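Undergrad: This is what each chain is made of:
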Amino acid sequence: MDDTLLKAPDPVSCSDLSERMSAHKVNAWFYEKQALHGISMKIYDKKVSAIIGPSGCGKSTFIRCLNRMHETVPGATMKGSIFLDGKDILSKKDVASLRRVVGMVFQKPTPFPTMTVYDNVAAGIKLFGRISEQKLDRVVEQSLRRAALWEEVKDLLDKPGMGLSGGQQQRLCIARALAIEPEVILLDEPCSALDPISTAKIEELIHELKRNYTIVIVTHNMQQAARVADYTGFFLLGEMIEFDVTSKIFTNPRDKRTEDYITGRFG
Amino acid sequence: MTRNIKEKIYLLIVFAFTLIAVIPLISVISYVFLQGISAINWDFFTRLPVPFGDPGGGMGNAIVGTFIVVGLACVVGLPIGIFGGIWLALYGNNKKGFVIRYAADVLSSIPTIVIGIFAYVLIVLVMKRFSALAGGFALGIIMIPTVTRTTEEMVKMVPRTLFEAGLALGLPEWKVIMRIIFRTAWSGIFTGIMLSVARITGETAPLLFTAFNSMYWNFAVDQPTATMTVQIYNYAISPFAQWHAKAWAGSLTLMFIVLGVTLLVRKFSRRVHYG
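Going line by line, the protein sequences match chains A and B. Those letters in the first sequence? Residues 1 to 267, by our numbering. Those letters in the second sequence? Residues 1001 to 1275, by our numbering.
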């Protein structure tokens, strides 16, 4: 199965398609329990790739491997190789600089509780090195604009980030991730704690962002994958069953199990 | 009996016992207040003690001395306590952590006078004199377990997601710990620190043979230093009524300092909401 997946799926329009990241036979464990079995997948530049599958299928574990967050959990290990621009990220010693290129937004909004809206967005820059105030102001505004939050919070910059609504908090976290100017953004079920209106805003935002960023999104909402993703991978029990252009996955899946999941027969 | 009456009786019992629990506190505070207030005046806070028979005098040097000794205790106890607590919370989920945690618990149950003897042997005998340093050292050791365990608990309460969110920004781990985790836990840690400061401020036994006492102003940390508790103790065991009054006044002052610290804690210990 791995080998067929390594051949790029038929792109809809192949002219602007280039590979940004790729995973080769990635295995991951929590202590003795294997969570991922030989995942191989390509992530195309400035496209949205979605990963769907039932709970516990390893989809979160997989994207947490892409910026090496997985290994921060006690007892978590992984094997295989993951390439970013042709370089294996697993052999890299400097994990921090990898994470500045591959940013991440988590399932639950995680604004830093002691910080204001402004400081939350600035955190990744301010805590990293010196930067002039004017420049920081510019970056914060730009990031909040990109995260479609500026208009709502421009008068609340010195208020605690925790005071915002759930949907705003999540966009604040997206702004915070954007502020360090990553190139790939990993979204780990970013809407699962949000109401439909906030969800719609984030999805709209994803459409905007893919012009400049490569996006990988984990979701257990199939409609969401269908709405936002160019490519979709289906995970089941730690294996990638199928990876293809989103429309193909949803209309004409190759694997019986994908079809069963899509049509709601299980999961 | 109807349920309603049962409920009322139950409430009455609870209320009665609450009242009983508060009685000792109120009576101690009011008794100390009534006994002490008459000897409190400006001189009491600013003047040195005078020999028996002379009028006036105060315990200004002991008040300053208490602050010096407690300050030294913080210098000794806080870094060890805070960093130890952070370590236990984040990396102490193993055998080493278990041993350290256990050691802290044992340390907190050692009588403070024993810790005083330890400081006596280690510092007073070596330096060949009593000093504020020895007193501060003893009190600092008494602080360590409380500060360690509260820091640990408070850091553990910070959700792991914040730690991950910091790491995901490409920040080095120590920066995430110090600038995000520690700051989030800070108000709780501060509460723990203040409570342990309040506790050591009232310690007498470990100071008797470390900081000892002094009848003079002293700001040098390597010299014997008067502290309020030891001064109160000396006055209280004396046979003179005039000194007894001073002991009461000292107790009242000490009580208000500790009360002040506790109120400060209240003000700072607003809980941070983690969402």
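Calculated from the structure, these hints are not laboratory results. For clarity, every value in this text was computed on a predicted model and none was experimentally measured. Idealized CB from N, CA, C, for every residue including glycine. Keep in mind that the hints are not guaranteed to be accurate.
[Stated by the list, open to error] Incomplete in silico selection of chain A near chain B, CB under 7 Å:
#1 Arg99
#2 Arg100
#3 Met104
#4 Pro113
#5 Thr114
#6 Tyr118
#7 Gly124
#8 Leu127
#9 Gly129
#10 Ser132
[To be verified] Calculated pairs, DSS-like style, for lysine-lysine (alpha carbon to alpha carbon, straight line, at most 30 Å):
#11 A:Lys33 with A:Lys79
#12 A:Lys33 with A:Lys108
#13 B:Lys1175 with A:Lys126
#14 B:Lys1156 with A:Lys108
#15 A:Lys33 with B:Lys1267
#16 B:Lys1267 with A:Lys93
#17 A:Lys92 with B:Lys1006
Undergrad: Which constraints among the numbered hints does this structure fail? Numbers only, ascending.
TA: Going through the list in order, the structure violates hints 6, 9, 10, 15, 16 and 17 and respects the others.
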